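> What follows is the residue order along each chain.
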Amino acid sequence: EIGISKEEALEVLQVVRKECHSDAARTAGGSAATRKCTALELLEEEQAQGFIITFCSALDNILGGGVQLTKITEICGAPGVGKTQLCMQLAVDVQIPECFGGVAGEAVFIDTEGSFMVDRLVDIATACVQHCQLIAEAHQEEDHLKALETFSLESILSHIYYFRCRDYIELLAQVYLLPDFLSEHSKVRLVVVDGIAFPFRHDFEDLSLRTRLLNGLAQQLIIIANDHKSAVVLTNQMTTRIGQNQSILVPALGESWGHAATVRLIFHWDNSQRLATLYKSPSQKESTIPYCITSHGFRDVQPPAVTQNAEGTEMNPRKRPRREEEK
Amino acid sequence: MDWDQFDLNPKVIAALKKADIKSIKEILNLSGADLQRLMKLSSADIQCLLKTVSLTLRRNSMLTALQLYQDKDHLTSQHQKLSLGCSVLDNLLKGGIPLVGITELAGESSAGKTQISLQLCLCVQYPYKYGGLDSGAVYICTEDVFPSKRLQQLIDQQHKLRADVPAEIIQKIKFGNSIFVEHAADLDAFHNCITKRISLLLTRGMVRLVVIDSIAALFRCEFGASDSVMKAQYLQTFGAQLHSLSTRFRTPIMCINQKSVMLLYSAVDNRVSPALGITWANQLLMRLMVSRISPPEQSSGVASHHTGSVRTLRVVFAPHLPQSFCYYTVKLEGVKGIR
Numbered sequence: 001e002i003g004i005s006k007e008e009a010l011e012v013l014q015v016v017r018k019e020c021h022s023d024a025a026r027t028a029g030g031s032a033a034t035r036k037c038t039a040l041e042l043l044e045e046e047q048a049q050g051f052i053i054t055f056c057s058a059l060d061n062i063l064g065g066g067v068q069l070t071k072i073t074e075i076c077g078a079p080g081v082g083k084t085q086l087c088m089q090l091a092v093d094v095q096i097p098e099c100f101g102g103v104a105g106e107a108v109f110i111d112t113e114g115s116f117m118v119d120r121l122v123d124i125a126t127a128c129v130q131h132c133q134l135i136a137e138a139h140q141e142e143d144h145l146k147a148l149e150t151f152s153l154e155s156i157l158s159h160i161y162y163f164r165c166r167d168y169i170e171l172l173a174q175v176y177l178l179p180d181f182l183s184e185h186s187k188v189r190l191v192v193v194d195g196i197a198f199p200f201r202h203d204f205e206d207l208s209l210r211t212r213l214l215n216g217l218a219q220q221l222i223i224i225a226n227d228h229k230s231a232v233v234l235t236n237q238m239t240t241r242i243g244q245n246q247s248i249l250v251p252a253l254g255e256s257w258g259h260a261a262t263v264r265l266i267f268h269w270d271n272s273q274r275l276a277t278l279y280k281s282p283s284q285k286e287s288t289i290p291y292c293i294t295s296h297g298f299r300d301v302q303p304p305a306v307t308q309n310a311e312g313t314e315m316n317p318r319k320r321p322r323r324e325e326e327k
Numbered sequence: 001m002d003w004d005q006f007d008l009n010p011k012v013i014a015a016l017k018k019a020d021i022k023s024i025k026e027i028l029n030l031s032g033a034d035l036q037r038l039m040k041l042s043s044a045d046i047q048c049l050l051k052t053v054s055l056t057l058r059r060n061s062m063l064t065a066l067q068l069y070q071d072k073d074h075l076t077s078q079h080q081k082l083s084l085g086c087s088v089l090d091n092l093l094k095g096g097i098p099l100v101g102i103t104e105l106a107g108e109s110s111a112g113k114t115q116i117s118l119q120l121c122l123c124v125q126y127p128y129k130y131g132g133l134d135s136g137a138v139y140i141c142t143e144d145v146f147p148s149k150r151l152q153q154l155i156d157q158q159h160k161l162r163a164d165v166p167a168e169i170i171q172k173i174k175f176g177n178s179i180f181v182e183h184a185a186d187l188d189a190f191h192n193c194i195t196k197r198i199s200l201l202l203t204r205g206m207v208r209l210v211v212i213d214s215i216a217a218l219f220r221c222e223f224g225a226s227d228s229v230m231k232a233q234y235l236q237t238f239g240a241q242l243h244s245l246s247t248r249f250r251t252p253i254m255c256i257n258q259k260s261v262m263l264l265y266s267a268v269d270n271r272v273s274p275a276l277g278i279t280w281a282n283q284l285l286m287r288l289m290v291s292r293i294s295p296p297e298q299s300s301g302v303a304s305h306h307t308g309s310v311r312t313l314r315v316v317f318a319p320h321l322p323q324s325f326c327y328y329t330v331k332l333e334g335v336k337g338i339r
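Each protein sequence line maps, in turn, to chains A and B. Heads up, the first sequence is in our numbering, so the first residue is 1 and it goes up one at a time. Heads up, the second sequence is in our numbering, so the first residue is 1 and it goes up one at a time.
In case anyone wonders, no lab produced these hints; they're calculated from the structure. Note that this is a predicted model, so its numbers are computed, not measured. Each statement offered as a hint is correct.
No more than 25 angstroms apart at the CA atoms, straight line, and that leaves these computed lysine to any residue pairs for SDA-like:
id, chain 1, residue 1, chain 2, residue 2
1, B, 40, A, 220
2, B, 40, A, 13
3, B, 18, B, 47
Given these sequences and hints, build the entire structure.
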């Protein structure tokens with residue numbers, strides 16, 4: 001590009017690389033392609049990553065603690081099963097202060113379908129604040145009470161950054177602008193795209209264009225998740241795949257899209273019981289758990305068994321001992 | 001597209017013109033590598049270009065949830081809904097029909113879907129203060145003829161239904177003048193109707209409600225069992241067009257669905273028959289169901305004063321509502337909920 005020979009180019013690269021290695025100020029989160037580290041370092045880094053709890057302990061369990069930062073989690077399901085509900089719950093839960101076991105982050109919510117109803121979000125946020133207040137009352141600790149001073153309905157709502165994208169072009173543009181936005185709003189720990197399928201499921205006679213655009217989007221989101229230590233949560237629709245004798249419901253957007261997310265959850269019904277199946281995960285096994293949607297938000301079907309340290313284990317997943325079977 | 005207006009490096013502008021790129025959409029449709037090749041620019045220049053055009057599209061597009069919550073302006077607020085003209089029904093829906101999105105009203109025949117739709121066509125004409133949108137409605141008939149006699153009855157009885165509105169205000173509204181009736185018996189006619197007629201009425205601000213009675217009739221005859229893929233594409237295209245109109249003009253779209261059996265994806269082992277119910281359902285914001293089947297509670301006295309015509313209005317799914325229901329009857333003056 002700048003008109004030098006291949007050998008000269010290699011020389012330049014080597015000089016630059018040496019400069020980088022001697023730069024002791026290199027931070028771990030940088031996007032340097034030449035950073036070397038051992039697998040052990042990577043494992044330790046990964047285990048130290050936070051989780052965003054869902055308030056449904058059964059779901060948090062099968063996910064290994066909750067929705068993980070730096071990963072893309074995809075939620076698939078039929079209309080009405082609760083995908084948007086979980087997204088709204090996560091946009092609140094990401095803000096839970098650290099003393100209550102949260103990651104004290106902020107949220108970006110990209111809405112392509114117009115299903116983000118702020119009144120519902122208010123219900124969920126209010127219930128979360130009340131939950132934390134109950135814990136604070138029970139424990140009477142300084143840091144709990146202090147954290148509650150700034151953890152209120154208004155503060156929660158003010159830290160959810162909402163973008164409405166009305167077609168796939170607006171969505172693509174918004175994702176191009178996200179890295180700069182996240183640099184300016186460095187406390188964001190969650191990016192939600194609800195839903196990723198809606199803008200891509202009509203308007204495309206050329207499916208290869210769609211596949212290419214989706215792949216590009218996935219790559220950008222992976223980089224964003226990593227660079228900004230954020231969880232990326234996407235919701236996807238279900239579609240009917242017609243087989244020889246039967247039809248089944250499968251996630252939309254095709255086979256190659258299936259590789260985009262690290263973790264894939266499928267929400268579905270069994271008569272009138274809502275179920276969540278962990279379908280794909282690098283570290284957890286496939287399992288199905290029941291959940292329900294209450295006026296307070298996304299919850300377990302029954303309250304989890306109350307033990308001596310119930311509040312502690314519920315609200316502090318990072319303090320829960322890592323069990324061997326969970327790896 | 002006038003690229004000179006953009007805050008771009010002149011060499012980038014020159015490259016855009018030379019490559020004959022005419023729109024932002026064209027740029028975003030291409031990958032970074034394709035753009036580099038096409039415009040013979042470096043990757044840094046392309047990144048800059050992508051960000052600049054994205055910013056043009058998306059400047060000032062962020063709102064915090066707090067701003068959404070505190071917005072009480074009836075022109076933009078999420079809290080603004082289209083009332084159904086009855087406080088019991090409005091309570092079930094936490095205010096009424098949301099203004100942006102497609103709401104489906106499904107159920108067996110004679111359960112009251114047309115009655116509710118006609119009532120909405122009148123409600124929309126009231127001022128914002130009384131739950132309306134100060135505008136008219138367009139009613140698309142796809143199979144039956146428009147029930148004009150019943151509409152006239154309802155108009156005559158508005159003062160009785162809407163006791164909450166002062167009589168002078170009701171008298172001033174020329175209800176019949178603001179309901180535009182269209183007929184569309186097949187998909188082509190329907191497509192024409194949406195793209196031309198309805199767009200025009202919406203652009204001129206003459207209507208703020210679109211009723212389609214019914215969406216199912218359009219698809220019943222034209223597609224055989226083997227055309228499911230094509231049917232799905234039509235459903236998605238229409239859904240997207242309706243959704244886009246609804247978003248652009250903050251206008252609720254009410255689709256009546258006349259399926260006789262509504263399966264709520266209670267699919268056994270994930271198997272469903274290819275009825276494409278899910279293709280359509282994916283386009284919806286909210287699904288409501290009406291039925292005449294008397295629920296067991298009726299015997300406990302809820303409906304004992306109402307002889308035989310108690311119906312149920314049920315929320316099947318909605319992002320802001322729990323699965324709940326209420327009872328209603330159809331009276332001379334319209335649809336009224338039972339407390």
